[in-house]
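Participant: These are the residues of each chain, in order.
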Amino acid sequence: MIALLGLVAGVTVGLLLQPTVPVPLQPYLPIAVVAALDAVFGALRAYLEGRFDDKVFVISFVSNVLIAAVIVYIGDQLGVGGQLSTGVVVVLGIRIFANAAAIRRHIFHA
Amino acid sequence: MELLQNLVEHSMDDDYYAVAGRQGGGRSTTASQVAVMTVLALFATLVVVAAVQTRIALPASQNERAALIVQVNEEKDIVSERQAALATLQRDVAALQETTTDATLSGVIEQQQVVAGSVPVAGPGVRIIVDNADDADRDSRGRVLDSDLQLLVNGLWFSGAEAVAINEHRLTSLSSIRSAGEAITVNYRSLTPPYAVTAVGDPRTLQARFLETPAGLTWANLEANFGLRFDANVRADLQLPAAPESRTAIRYATPVRDAS
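For the record, the sequence lines run as chains S and Y. Residue 77 in the numbering used here is what sits at position 77 of the first sequence, and the numbering runs on without skipping anything. Residue 188 in the numbering used here is what sits at position 188 of the second sequence, and the numbering runs on without skipping anything.
Next comes chain S alone, as it looks inside the complex (with noise of 0.2 Å):
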């Protein structure tokens, strides 16, 4: 229930104050999603198998995109911002899919 409210209310936000990101911050943009999204499903999976924790999830989104963040500033300024982006998005996604699963588990029970 609340964390509907709190979709709707960012898919709001988001809508309606249509915030354009400052130019030198668009790269970590598309990184920060994937993290974020990856943190999200890590909350679900916990959740269905009850062991969802408030301070967990709010400590593991945050760390998440910034970490990544970190990453791909680091990976600019050395010159392999490329290859960094790439690498984050692969770990990320096999635990997004992993996660995806355990969640179809809990859900289909299949």
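Misleading hints may appear alongside valid ones.
[To be verified] Listed next, with one range per pair, are the computed distances between beta-carbon atoms:
| hint | chain 1 | residue 1 | chain 2 | residue 2 | range |
| --- | --- | --- | --- | --- | --- |
| 1 | S | Leu-5 | Y | Val-8 | 29 to 39 Å |
| 2 | Y | Val-8 | S | Gly-50 | 19 to 29 Å |
| 3 | Y | Gln-71 | S | Ala-101 | 42 to 52 Å |
| 4 | S | Gly-79 | Y | Asp-14 | 27 to 37 Å |
| 5 | S | Gly-79 | Y | Ala-180 | 37 to 47 Å |
| 6 | S | Val-80 | Y | Ser-140 | 22 to 32 Å |
| 7 | S | Pro-24 | Y | His-10 | 25 to 35 Å |
| 8 | S | Pro-24 | Y | Arg-91 | 36 to 46 Å |
[Stated by the list, open to error] Quick partial rundown of chain Y residues pointing at chain S, CB under 7 Å, derived from the structure:
| hint | residue |
| --- | --- |
| 9 | Asp-13 |
| 10 | Val-19 |
| 11 | Ala-44 |
| 12 | Gln-71 |
Rather than coming from a laboratory, the hints here were simulated on the basis of the structure. Idealized CB from N, CA, C, for every residue including glycine.
Add chain Y to chain S, keeping to what the hints say.
Facilitator: Relative to the frame of chain S, chain Y by itself:
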């Protein structure tokens, strides 16, 4: 493989297990619920912003591409227009040259064209075939070098040749004879032996005078000592092609009109 397995097994943050084990289930307070809501709102905003950004950026890059394509096409049109104009002007120049009534002027032009090598010429002269020695593969001294050909051509000019070509490559004042790797190039074209040097000149004196020049003596020496082939024949009717345009085109030099 261990890495992948590790990734899949620990795909959910381990902290959930740690907290669950420690407290027997996460506690939920109002403050932490508000935090979760905020984070989820943040997440939704992030996704929406990313999507909106992408939609905004897409037309911009497409517009840029379209503009570039238009620009390229415009430039291409300009190039083809100018090429057409160039062709027209060249035709005009040729037509004007033909209609020139001044007989002496057209005579001068014809003569200069022969000297410059921009027109094919025919006439009596000497045809000299030179080639590597039979054992050139074993003894590199038996090879015809670019300097040998230079010497030969120089000797022919000196002996009164009016036009010279090597293997159907007309020599002009801009031509070079040089070796590039294994081959000798003339007018930037690689030649293969045997080399046929044709020179238009006085058929009675050209060959005899050449043999007396230092170049002729050097070649006689090469023939005698290293087995290089050197066959000179007087011909009554030689055909020499024009030099390629790149070897007659002048880009930087301009004549000084008031010198005389």
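Participant: Which numbered hints are broken by the structure, listed smallest first?
Facilitator: Violated hints (numbers, rising): 6, 8 and 12; every other hint is consistent with the structure.
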